[in-house]
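Visitor: These are the residues of each chain, in order.
There are 2 protein chains.
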Amino acid sequence: MSEVVTVRSLHSLYEKKGIDSLLALGEVTIFGWVRTNRPSGQLAFLELHDGTHFLSLQLVYTKDNPDFEKMAHLKMGASIKATGKIVASPSAKQPYEVQVSALELIGDVADDYPLQKKRSTFEFLREQAYLRPRANTFQAVYRVRSVLSYAIHSFFQERGFVYVHTPIITGNDAEGAGQLFQVATNGEHPFTDFFGKEAHLTVSGQLHGEAFALAFKDIYTFGPTFRAERSNTPRHASEFWMIEPEMAFCDLKGDMEVIEACLKYAIEKVVTSCKEEIDFFDRFIANGLKDKLQAVLHSSFAHMTYTEAIKKLEEAVKEGISFENKKIYWGMDLQSEHERYLCEKIAKGPLFLTDYPKEIKAFYMKENPDGKTVAAVDLLVPGEGELVGGSQREDDPLKLKEKMGQLKDMDWYLNLRRYGGCPHAGFGIGFDRLLMYVTGMQNIRDVQLFPRTSNALKY
Amino acid sequence: MSEVVTVRSLHSLYEKKGIDSLLALGEVTIFGWVRTNRPSGQLAFLELHDGTHFLSLQLVYTKDNPDFEKMAHLKMGASIKATGKIVASPSAKQPYEVQVSALELIGDVADDYPLQKKRSTFEFLREQAYLRPRANTFQAVYRVRSVLSYAIHSFFQERGFVYVHTPIITGNDAEGAGQLFQVATNGEHPFTDFFGKEAHLTVSGQLHGEAFALAFKDIYTFGPTFRAERSNTPRHASEFWMIEPEMAFCDLKGDMEVIEACLKYAIEKVVTSCKEEIDFFDRFIANGLKDKLQAVLHSSFAHMTYTEAIKKLEEAVKEGISFENKKIYWGMDLQSEHERYLCEKIAKGPLFLTDYPKEIKAFYMKENPDGKTVAAVDLLVPGEGELVGGSQREDDPLKLKEKMGQLKDMDWYLNLRRYGGCPHAGFGIGFDRLLMYVTGMQNIRDVQLFPRTSNALKY
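From first to last, the protein sequence lines stand for chains A and B. Mapping of the first sequence onto my numbering: residues 1 to 459, in sequence order. Mapping of the second sequence onto my numbering: residues 1001 to 1459, in sequence order.
By construction, these hints were calculated from the structure, which means they are not laboratory data. Remember, it's a predicted structure, so these values are computed and weren't measured experimentally. Glycine included, C-beta positions come from ideal geometry on N, C-alpha and C. One should not assume that every hint holds.
Said to hold, decoys possible - Heads up, incomplete: computed chain A residues facing chain B, CB under 7 Å, no partners named:
1. 26
2. 28
3. 153
4. 159
5. 163
6. 164
7. 168
8. 171
9. 336
10. 340
11. 341
12. 450
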């Protein structure tokens, strides 16, 4: 009986032990899908893709084979079983190919198959979200998505962080109420029917995470979060995954050290584990991607306070740089164009911007001794703007109570400061945006599996 | 400046290099919370817990210290900073302790702190869900939760499975409509407002996962799923995490091999990484737990068809075993008492029960050649009943179409069989139930962070 192999197992054997170990395998069996099938004269070439690796495997069969005609009719997209011997093939994309003895159709492709050989647009493929993982670009996107996810887990687990599953359905109304999805039962109104109070989908696991940081010291969440925003931009979706670490006995400085280490660790894992995918993105999606990622790996992230940033922007305006939002003043919310100027032109790389005016930041951020700013940080990166947002949390129960104002049912959150509270800090990474940054993909709809935005719920 | 250490870093150094390496550290600083503080005569003992390890660290301070009185007043739950030298201490729980030179209060504990030294009941602690991770049992539960989660990821990643984030908000109505949560916006009715069609919270990522298995061969999900069930049992919650792998070119036999390997891998990781926690559960929560887990690791899971199981149950009734559900017949849905009899009395260990009547299983399961049963499997385990459910999927588009019946908007799912379909199989593990099995905890509310059940949404 011949050994069952995959494109990945062959590739990995080749990389570790060279061509001879492949030739020694004898007859092998492999399952997968037809990418191309080109009979020409006495010889035919079939490109098999099995989803285990970005690369395909070349199968070769000849007119001698009694089933040649049947084989030659196998269509793009069909699932097949192939048996044959591995031979050296310096001319193929890979240095080996399979000389087929038997090729069996498992599942045929109906004539209305929407994917065709010519390159489909991303817009078209979005409409075929259940089939697009078969396309080259999306093979790369979703594999990097998986590798990047696991890298995030590995980073935190290796550092002893406890992974917590903060709830998706929540009764907190901690981050502004306008953009929440409510949760209802059986088409019934009011929404308090099932839980006895209004329930909605979480916008952040942070507050729940803080309770666990004050028991485990270092924790992280990695799960879905939601916004009922109708904004139809390439960077917004109604459902997206967030990573939210929280660390007790940690200040803003410690927070930034973890952010920087985390991003470098994750990018390093992707560039080493997904060489072919990153090559592909660099070549076809975002020229210069590889250089950009290498630069991040070998840089020290720059630091600047908000107050310094305002000065830099004022200088820029004096020097004739024109922003769409011309008026620069202390206390303003920085726009994307300002953020990009700061990291692209001033820092020329990732930039931690810290100590924002308290009025433009969330209630839970720790007030600095100046009474005007909070210990907040945004990480700005060239080409994207904000990639990570974090802060030290307000641990003074009196100050926090004042800032919480009208928030209901949040005594427990306040109590965390009254029962053995301590300086603690955390941050949030929008996982889908990080994936866009790492792949160079320009639309969040093209890095998620089945993106959810307003009026988009086909699958 | 003294080195900042954690209970885990000390413990791990001790295990790897012995006591001398600890003594060589000189003065260290450690942050954490007071578990107990017992001044007596000239000497005082403070048990510090920092959340990085199940164990605490003993701090010793003496009346010589000018701050003795202040130290002696530190209360249970207070957060502190301690500095001192590590010394050998054969009498303590750990073979070393810290001789304190300075002890500093960081965050005090208000007098209404609900956690007290005497053991609180699980019922009481459920009401204090934001504080219970500080209690011994829940330190153990949530650390195992984290280690078990990561073990699941490691198992699949090491085998080349691609991790996919299937959507939480979905428009599919594939698994029976009665128990769904709807998603609404801004308190508005009808629920079609935001997405243009009715949206609800997913009950399973399987169907979306199948689309990705047919592109990547092997994939897995690991994310939250939902049921709007009002059943108030120790095993049901409205929100819980599921693991759902899906494998192309795989039949029921391959499916079962992965289930068995996955569970053994995950349990092995937990028993080796969480020794103290499993000891604790074995001693205080579920006597015999360690033996049970070791037995699973060293067993070959048994196999039995549903038809054989019915015969065994009929024999049992003849032999005088009395079930609450007395009538045993082919075609019946097995009840928990039957499942437990089969694995506890007949198999005496984990049991794969296969090939159920098609009428009692889901539409997407592959019909067997007998026309009466489907290629389904449930894994039954002693003490719990069903732990995993899986099946080979129906890959014949005509048969599937017939079984799908009235389901709307599911053409894409059917098309997966028309566009290069192939035999594929998968399974689902309820992660919270797996955690109950591994820890011996008896109520799902005590293994989740902030459990959601009807009328329970306090945090």
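Visitor: Holds or violated: the hint that residue 450(A) contacts chain B, with Cβ atoms closer than 7 Å.
Guide: holds, 5 Å
Visitor: Would the hint on residue 153(A) stand, with a C-beta cut-off of 7 Å toward chain B?
Guide: Given a least distance of 6 Å, the restraint on residue 153(A) holds.
Visitor: Using 7 Å as the Cβ threshold, decide whether residue 171(A) counts as touching chain B.
Guide: holds, 4 Å
Visitor: Report holds or violated for the interface hint on residue 26(A), using the least CB-CB distance to chain B and a cut-off of 7 Å.
Guide: violated, 21 Å
Visitor: At a threshold of 7 Å, is the proposed contact between residue 159(A) and chain B supported by beta-carbon distances?
Guide: violated, 10 Å
Visitor: Given residue 28(A) as an interface hint, is the shortest Cβ-Cβ distance to chain B below 7 Å?
Guide: Because about 14 Å separates residue 28(A) from the closest Cβ in chain B, which is outside the 7 Å limit, the hint is violated.
Visitor: At a threshold of 7 Å, is the proposed contact between residue 163(A) and chain B supported by beta-carbon distances?
Guide: holds, 4 Å
Visitor: Would the hint on residue 336(A) stand, with a C-beta cut-off of 7 Å toward chain B?
Guide: violated, 26 Å
Visitor: Given residue 164(A) as an interface hint, is the shortest Cβ-Cβ distance to chain B below 7 Å?
Guide: holds, 6 Å
Visitor: Report holds or violated for the interface hint on residue 168(A), using the least CB-CB distance to chain B and a cut-off of 7 Å.
Guide: Constraint on residue 168(A) satisfied, holds at 5 Å.
Visitor: Is the hint on residue 340(A) kept, meaning its closest Cβ partner in chain B is under 7 Å away?
Guide: violated, 28 Å
Visitor: Would you check whether residue 341(A) satisfies its interface hint, that is, whether its CB is within less than 7 Å of any CB in chain B?
Guide: Result: violated, 33 Å to nearest chain B Cβ.
When the structure is compared with the earlier hints, violations turn up for hints 1, 2, 4, 9, 10 and 11 and for no others.
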